[in-house]
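> In case you want the letters, here they are:
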Amino acid sequence: MTIGDVKEILHARFICGEDQKDREIHSACGSDMMSDVLAFVKDQAVLLTGLCNPQVIRTAEMIDLYCIVFIRGKKPTQEMIDMAEDRDIAILCTDHRMFNACGMLYDNGLRGGTPY
Amino acid sequence: MSESLNLNYIITNEDFTRAGEASGDVKSKLKMMGVPPEVIRKVSIAMYEGEINMVIHAGGGTIDVIITADDITMILKDHGPGIADIDLAMQAGYSTASENVRALGFGAGMGLPNMKKYSDEMTIDTELGIGTTVTMKVYFKPKS
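The listed protein sequences derive, respectively, from chains H and S. Residues in the first sequence are numbered from 3 upward in steps of one, following my numbering. Residues in the second sequence are numbered from 9 upward in steps of one, following my numbering.
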């Protein structure tokens, strides 16, 4: 699955990083707790989150995660968008809630990766 | 050969949005130096969690990063309240963070466990009312 596929499946829109729509996504994580993301997420994952602050971008940076989806219509600040662009991280926004957004990706074959 | 590269950072708690800048800087420097990605990942996550801890629990501090041919050592020193019970603090899920911190996406009780998980060696020196020093080491090659 590509970032572009994620966008289509979640009826999302690009906030930045549209040029990265062909990058491959291998797994997904849905969480508002960044330490959990740091603990369990491997490379080439997409992060779905309802948390909307600069630490989301930093967390993505630390684990080389290059696609973040903000759920429930959350909108990142310009500062966050600038940070993401500097780090080649694509940001998507969807109006779907967490459970449904995760389910839609799961339905289309994306999985959460191994537990550890 | 005993050459080493030292990086030093002062961490403040004035602005939570800036927490993680030091870790981001170390990460990009290691990348430029051609350090293997898995080592960079371990150092980045361990240091970032430590940096966040310093900001939310201790009002900031200093971080020294020492890079040698064999390993990377991170020394995180603060003058915060200290850790009353290290065993308890090491338990996944245990946290003393405030609701404010949780609202920012941290305080899930995974900070210290993550730091231990992603470092090859970790020691904690702490004294109540004086402060805490966490030393973490990541080897370039796993020790057999």
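Please keep in mind that the hints were generated in silico from the structure rather than gathered at the bench. Just so it is clear, the structure is predicted and the values come from calculations on it, not from any experiment. Mixed in with the good hints there might be a few duds.
[Unchecked claim] Now the in silico label distances, taken between C-beta atoms and shown as ranges:
no.	chain 1	residue 1	chain 2	residue 2	range
1	H	R15	S	E29	22 to 32 Å
2	S	L136	H	D24	23 to 33 Å
3	H	D97	S	S106	27 to 37 Å
Glycine is no exception: its CB is placed at the ideal position from the N, C-alpha and C atoms.
> With reference to the structure, classify each hint as holding or not holding.
Cross-check of the supplied hints:
1. R15(H) - E29(S): 22 to 32 Å: Roughly 29 Å apart at Cβ, these two residues keep to the hinted range, so it holds.
2. L136(S) - D24(H): 23 to 33 Å: violated, 54 Å
3. D97(H) - S106(S): 27 to 37 Å: The hint (27 to 37 Å, Cβ to Cβ) holds, given that D97(H) and S106(S) are roughly 31 Å apart.
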